[in-house]
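Peer 1: The whole structure should be built from the sequences, with the hints applied where relevant.
Everything in the sequence shown is counted per UniProt numbering, starting at 1 for the first residue and increasing by one.
Be careful, since some hints might not be right.
No more than 25 Å apart at the CA atoms, straight line, and that leaves these computed lysine-lysine pairs for BS3-like [to be verified]:
#1 K71 - K59
#2 K72 - K59
#3 K107 - K97
#4 K91 - K72
#5 K88 - K72
Ranges of calculated distance between the beta carbons of each label pair, as one might list FRET restraints [unchecked claim]:
#6 L86 - K107: 26 to 34 Å
#7 E138 - E104: 48 to 56 Å
#8 L156 - H116: 52 to 60 Å
Simulated from the structure, these hints should not be mistaken for laboratory data.
For each residue, glycine too, the CB sits at the ideal point set by N, CA and C.
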Amino acid sequence: MVSTLSSPSAMNGFDAAREYDFSEEEERAKATYQDSDEDTEDASETDAAKLEEEYTEMKEQIYKEKLTMLKKQLQQVIDGSHPELLRKIKKLEQQGKDRMRLAEVTKNAELECVEHHYIRERKEAAEEFEQKKIDLKEHLINELEDRRRNIENEGLSLDLNGGDFFEVKPVNTRKLRRRPNEPLPMPEKRRKASPYILENHEN
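Peer 2: Put into structure tokens, the structure is as follows:
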């Protein structure tokens, strides 16, 4: 026993029996570690609350920025300076110009077509007038020629039947010489028509 106690290990302050026992320092270190874990948990809870608060503030900030941007865009639309509005207006203006140009081309084409139609109708009307005038002249000429031929035929038939039919030949009367001491002839008195004869003529 004495030898054991007086062994070098004991003399050096090392106790083999107490090799696996916790010392006070170890107990304090363990307590300190446990306290550190609790502090870490508390810190984690604090950080989570802080992060949640920061997230809420960020959401509010984003909401305010969006609202401000929308108000700004609304004012730009009202003022007519919104980029999207200007882009769409420019597009509409281009579409309007294209439609107006197409309408102008269509109008010119239709006017040209109407002009050609007018010229053609006018030419046809003038040609029809001249042709009808020629036809009218020919008709009148033919009608007058027919009448002339009819008259000539009538004159020819009169010649064949006797051309002297309407001619009046003078009657030759023989005058006798008056004898000496012969009284002059008295003019013949016209007989007065009887009332009976006149009455018959009136009836």
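Peer 1: It remains to establish, for every hint, whether it holds in the given structure.
Peer 2: Now for the hints, and whether the structure bears them out:
no., hint, result
1, K71 - K59, "holds (18 Å)"
2, K72 - K59, "holds (20 Å)"
3, K107 - K97, "holds (15 Å)"
4, K91 - K72, "holds (23 Å)"
5, K88 - K72, "holds (18 Å)"
6, L86 - K107: 26 to 34 Å, "holds (31 Å)"
7, E138 - E104: 48 to 56 Å, "holds (51 Å)"
8, L156 - H116: 52 to 60 Å, "holds (59 Å)"
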